[in-house]
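Student: Chains as they are written, first to last, in the working numbering: chain U, 2 to 113; chain A, -19 to 90.
Calculated directly from the structure, the hints in this document are not laboratory data. Note that the structure is predicted; figures quoted are calculated from it, not measured. Idealized CB from N, CA, C, for every residue including glycine.
Computed beta-carbon distance windows for the label pairs: (1) U:G97 to A:K(-6): 40 to 50 angstroms; (2) U:I112 to A:G20: 16 to 26 angstroms; (3) U:A71 to A:T(-7): 37 to 47 angstroms; (4) A:L35 to U:P53: 17 to 27 angstroms; (5) A:T56 to U:D80: 39 to 49 angstroms; (6) U:A71 to A:Q21: 17 to 27 angstroms; (7) A:P50 to U:G84: 34 to 44 angstroms; (8) A:P(-12) to U:S56: 42 to 52 angstroms; (9) A:V78 to U:K6: 23 to 33 angstroms; (10) U:G61 to A:R44: 39 to 49 angstroms; (11) A:L35 to U:E27: 22 to 32 angstroms.
Subject to a maximum C-alpha distance of 27 angstroms in a straight line, what follows is the list of computed DSS-like cross-link-like pairs (lysine-lysine): (12) U:K105 to A:K(-9); (13) A:K37 to U:K6; (14) U:K43 to A:K(-6); (15) U:K108 to U:K59.
Take a look at the letters that make up each chain.
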Amino acid sequence: QQQVKQSPQSLIVQKGGISIINCAYENTAFDYFPWYQQFPGKGPALLIAIRPDVSEKKEGRFTISFNKSAKQFSLHIMDSQPGDSATYFCAAEGAGSYQLTFGKGTKLSVIP
Amino acid sequence: DTGVSQDPRHKITKRGQNVTFRCDPISEHNRLYWYRQTLGQGPEFLTYFQNEAQLEKSRLLSDRFSAERPKGSFSTLEIQRTEQGDSAMYLCEGGANVLTFGAGSRLTVL
Chain U
2 QQQVKQSPQS LIVQKGGISI INCAYENTAF DYFPWYQQFP GKGPALLIAI
52 RPDVSEKKEG RFTISFNKSA KQFSLHIMDS QPGDSATYFC AAEGAGSYQL
102 TFGKGTKLSV IP
Chain A
-19 DTGVSQDPRH KITKRGQNVT FRCDPISEHN RLYWYRQTLG QGPEFLTYFQ
31 NEAQLEKSRL LSDRFSAERP KGSFSTLEIQ RTEQGDSAMY LCEGGANVLT
81 FGAGSRLTVL
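Please build the complete structure, drawing on both the sequences and the hints.
Tutor: Here is the structure:
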């Protein structure tokens, strides 16, 4: 059973545009929601994370929006650049657990 | 340099052989995770160490898999009697407050 569903599977955005990736979760015990960026041949790198006590968190061009009632969260990349082209993963972790559950990933291509 | 080194970067083995991967975090990394990632999928949790104690292990983890972290420094992940389905990238993540992934060890089982 997939506990974190991520969409879309792939995304093409023009340079300067906004990239939006969505995730939905089922387990209400999740209380930590990070986003990771992964380039080919590299391990994932933490981009930004949020806890359910806030509805939005912004760091530079990256923003997480969190909707606790809908059990959904999303990553917005403003002013997308070709260097942002990578695979993005959402994840979730529950209180009292050390396990991160990842989504299946979104391959983002930013075209000039 | 992420501060987490993994070795080897790529291992090719025949089905039935044993393989061992090593992860070297920096000394302040009291937390250490192992994940497995197959093509087109997100990382899948395998096990977690806090210092030398293995605190959590995935229920999906076959008994062919074992991990150790002696003295709370480096960690090893051993896969016994490898199967073709074990072909994947094995990722180590270490840290204290902020966690960092290594570049991974890619296993190919022929």
